[in-house]
Structures are given as structure tokens and as C-alpha cells.
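Chain B: place on chain A using the hints.
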Amino acid sequence: MIRYLKKQNFWFVFTPYFWLVLFFFIPLALIFKISISVSEWGMPPYRDLFSLSEEGFKFDSTLSNYLFIFSDPFYIRSYLNSLSLAFTSTILCLVIGYPIAFYVAKSQANIRIILLVLLIIPFWTSFLLRVYAWKVLLQGSGIINSILIHLGFLTEPISMLHNHYAVILGVVYTYLPFMILPLYGYLVKFDLNLIDAANDLGAKPLNTFLKVILPLSLPGIIAGSMLVFIPVVGEFVIPEMLGGSDKLYFGKIIWDEFFVNRDWPVASALAMSGIVILVFPIVIFQLMYAKYNFKNE
Amino acid sequence: MQNTILKMNKIFFKIFTLTIGFSFLYFPILTLIAYSFNDNKRLMVWKGFSFRWYKELFQNEQILEAFYTSIKIASFSATFATIMGVMIGFSLTRISKIPARPFFIFLSSSPLVMPEIILGLSLLLFFISSNHIISFPSSKGQLTVLISHITFSVAFVAVIIQSRLSSYDKNIEEAAQDLGTIPNMIFWKITAPVILPSIISGWLLAFTLSLDDLVVASFTTGPGANTLPIVVFSKVRLGLSPEVNALSAIIMLIVVLAAISIYFINRSNIKK
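Taken in sequence, the protein lines are chains A and B. This note's numbering puts the first residue of the first sequence at 654, with every later residue one more than the last. This note's numbering puts the first residue of the second sequence at 6, with every later residue one more than the last.
With the rest of the complex left out, here is chain A (with noise of 0.2 Å):
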């Protein structure tokens, strides 16, 4: 271990640890707490958990807002919306993602670069207005409307926008890139003698695949699935641009209950509840970011 910038060591670890303690674990303290307040008409809208008045030392805490959430079946099915929605789209972008990274991956290097950077520019062009181009696309009027009548599929415009399969193919097309990147990122790393080595000893391709690739690029295929079931449930923007009345979402929710309803303590409750449900997703994440960021030690 190096021992340089000793004085230094300081401030290169607590300036940033600092900053994340007070801007990050404290805010999510924070929502423990209110979560655990009574509601109140005021500002802000809750009572204080602890409260010295003439009476003494007073703690106030109520689960009411927790069991408030878990006996009302909208907020239940709007848990379950979120998490299938999560799935669904994950699944979808690694059967998408997969083979495009592969042959990225594949490919000679120079046209490898060019794909690569072919990949990597509709991830920074921004995120909303991809949604956007979807509800361009969609509408009654839209191009893909005129296509299909074109063709003599439809014969009238139909509307594609506002339900949740219009949500579904929102959040696969603008988390696609963070399923193909982490993908890409083990697959290129693999060497390409291995499959010729398998074919050579008899593998059938399926085998190859499924004994070869598939287990070498495992770490790639959690760590994008993470990166995309993790931020989908508690994805609000694409349910609202692309989305309708028949499915509502954790994001829509929470954002509701707080704008909305102005209910600090079920809105926070709320997001207590989504940390809890993401509580082992997240936990794989870091166990993986862990071993892969830190393996040399």
C-alpha cells in the first residue's frame, strides 16, 4: 500500500464522505423519520417524533401510515404494476441487448469503435426527449399510423399511446443502452479462441452458448439487469408521457401523494416501502460492484 499524500489523506476521503453522509444517508434518515410521524394540518404537515413540552419527554411514532399503505389494494397494485413493469422490460432488453453486444463485441476492431460510439449517442442524447420521439411516433396522426395503414394492416388510425404497452416499449427503448453497455463491457473482454475451442471438441453451438458464453458473461448480464430493473420501478416520467389510466405506478404515486395530496407521511412511507422492495436487488448490485471494483485487494 502506498503511504504518499499522508496529510492529504484526509481531506481526500472526508470531503466526499462528509458529503455523502449529509446529503445522501441523512435524507434517507430523514424519510425514516417522517414515515414514522403522525400527519398534522401545518407546516410541515406532521408532528415531531420527539416533543419536550410542560407534560415531559413525549415520543410520538405511528405505523398508521405503513399499515395505511398495505391495506388499501391501489397502492398494492401500483407496487405490483411497477415491479412487473420492472421485470417485463428487463427481460425484454436482454433478449435485445444480448445479441446486439455480442456482435458489437464481435466485431473487428475498427468497425468495433464505430458501434461502440454508434451505441453510446442516443444514451446522451437526452432522455426525455427519446420519450418524446415515442409520443411523436405513437399518436393517431403518427408515422407508424400511417405505415401500418399503408401497408393495409389498419384501415382507420388507432391510438397506441396511453396504455402500458406503450409504457413497456418506452422504458425498453431508453434503458437499452445500460443492458447492452455492461454487457458489451464483459463480452469484448472474452477470448474469441474459446468458442473455436468448443466447436473444435464437438460443442454444438447451443452448448457453446449456454456452457461457454453464457456463464463468462453472467456478471455482465446481472449488472445490466440491475442497472435496469432498479431505476424502472421507480420510473415516473416515461408512465406519464406514454402511459394511461389503466395502469397506474410507484413513481405516478409517490409524486401524486406529495404534490398532489401534500402527505409528507405517506409519500415518505411510500418511498420507504420501494427502498425495502429493492432492498435485494440492490444489495446483489453492491455485492457485485464490490467483488468486481475491488478484486485486486
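Honestly, the hints are just simulated from the structure, not real lab data. Just so it is clear, the structure is predicted and the values come from calculations on it, not from any experiment. Heads up, some of the hints might be wrong.
[To be verified] To give a feel for the contact side, a few chain B residues facing chain A, derived at Cβ under 8 Å:
#, residue
1, Leu30
2, Ile34
3, Ile93
4, Leu112
5, Ser114
6, Val118
7, Glu121
8, Ser127
9, Ser134
10, Ile152
11, Val159
12, Thr213
13, Val220
Glycine is no exception: its CB is placed at the ideal position from the N, C-alpha and C atoms.
Same frame as chain A, now just chain B:
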């Protein structure tokens, strides 16, 4: 003979997959750009080629002001996030004694996967409480958006720096130390140049993350701090806007130019 057919099949399948894949990625964006030149208020009915929406875009005070605000916040956020990201990457790969090290790793990687809506809500509640207790921040606005953007960008920069630092040979630093180089010089003359490309890509990533963020900014913004995504979202939430098409085309042009220049910079570096 059979091998040749197999090989042809493989190449066909490869080109087929890549064509479909890339068409899916580019079709929506290119359509949007094409329609930005349409001289018709009704978006999808083609009337003729014109720059009308570009003219209107550049006369729209609200969009221009939001653009300026966004660029300002993104530059500051990217710069601070890069400085702290380098510190984290450096600490985690080069310094062994960090108090509660697993907690530090947790803190520096969790923002990568925390849903934006939870991050935004928690920061907003935090700013409101801290305003009650110590009267800071005095109001929500550009400063609170900036703090929030730095907080989630740091993690992304740290990942990039970390993977660069853990993949390159520490012995070079140790050799320099054995040769009697002063610690500061080692950092500036050896470590910094090695991680410079990662610093640049980290900065660019943090910049785009900030420029792109809608959800966290919506929670933490206040009067006079409408960022570009907030304004665009309010325009397209319920309907379509030809000006936003023009804006998309301009952003696309900037991204493509940036990508091409990064490609050529990398290529000339490899040749060297």
C-alpha cells in the same frame, strides 16, 4: 462447403441483428429530427421544408433562460462531482485505513441505483428541515438543485475513476516513491496523467446527467430555477410541441459532434 454456408449464415445473422438493433435505436430520433423541419403547426402532416420552428425556438425566452440555467448548474455540478469522484476513487483504491470502509463503499455506490423519485423526495424533505433548523438553504432554487445533482453524479464519476485506478500498475507509483519523488509530484506527474482520460469522461458523464435530470430537479427546484428538462416536460406532458422537435435536433447535432471529436481524439491517442 457446409462450413462456408454456416459462415455465410452467421454473417447474415450478425448483419441482420445489428441492422434491426440500430434501426430501433435511431428510428425515433431521426423521425423527430425530420419533423423539426416541417412547416406545419399540425405536427405530423408534412407541408414543406422550413426553419420556422428553429426561429421560434430561438425567440422563446423561457426555453433560452432554462437552457442557460441548466448549462450553468451542469458545469458546476460536473466540476464538483469530478473532484469528489476522484477523491473517492483514489481513497478506495490507494488508502487502506478508512473508518467504516464498507459504509463508505455503500455511500459511494448506492446513488447509482437509487430510484430518482426517492432521491428527489429525500433531498427535498432534507432541505425543508434544514431550512427550519438552521435557516439554510434560505430558499429552494439553483443552489439546492446543484447540491442534489452533485450528490448523485459523484457516484458515477467515482466508478469510472476507480476502475481506471484499480486496473493500472501501482508499481509505477511505488517505483517513483523509491526513487525519492515527493508525494505531491507523484500524484501530479504520474497518477493524474494516467487517469486524465477517465477524469474527462467522468466530467462529461456528470455534465450530461445533470443536464438530463428531470425528477430530482423537479423536487428540489424553486422559483427562478427552472431547468431545461422541467420546461420541456411542461410543454410535452400533455401534447406535442414543434419547438421541442427543433430542440431535439440541435441536441442530437451537439451529441454527434461531441462523439465524433471524442472518436478522433481517442484514435490519435491510440496511434501515438
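Each hint, compared with the structure:
{"no.": "1", "hint": "Leu30", "result": "5 Å, holds"}
{"no.": "2", "hint": "Ile34", "result": "6 Å, holds"}
{"no.": "3", "hint": "Ile93", "result": "5 Å, holds"}
{"no.": "4", "hint": "Leu112", "result": "4 Å, holds"}
{"no.": "5", "hint": "Ser114", "result": "5 Å, holds"}
{"no.": "6", "hint": "Val118", "result": "4 Å, holds"}
{"no.": "7", "hint": "Glu121", "result": "6 Å, holds"}
{"no.": "8", "hint": "Ser127", "result": "4 Å, holds"}
{"no.": "9", "hint": "Ser134", "result": "6 Å, holds"}
{"no.": "10", "hint": "Ile152", "result": "6 Å, holds"}
{"no.": "11", "hint": "Val159", "result": "6 Å, holds"}
{"no.": "12", "hint": "Thr213", "result": "6 Å, holds"}
{"no.": "13", "hint": "Val220", "result": "6 Å, holds"}
Going through the hint list in order, the structure satisfies each hint without exception.
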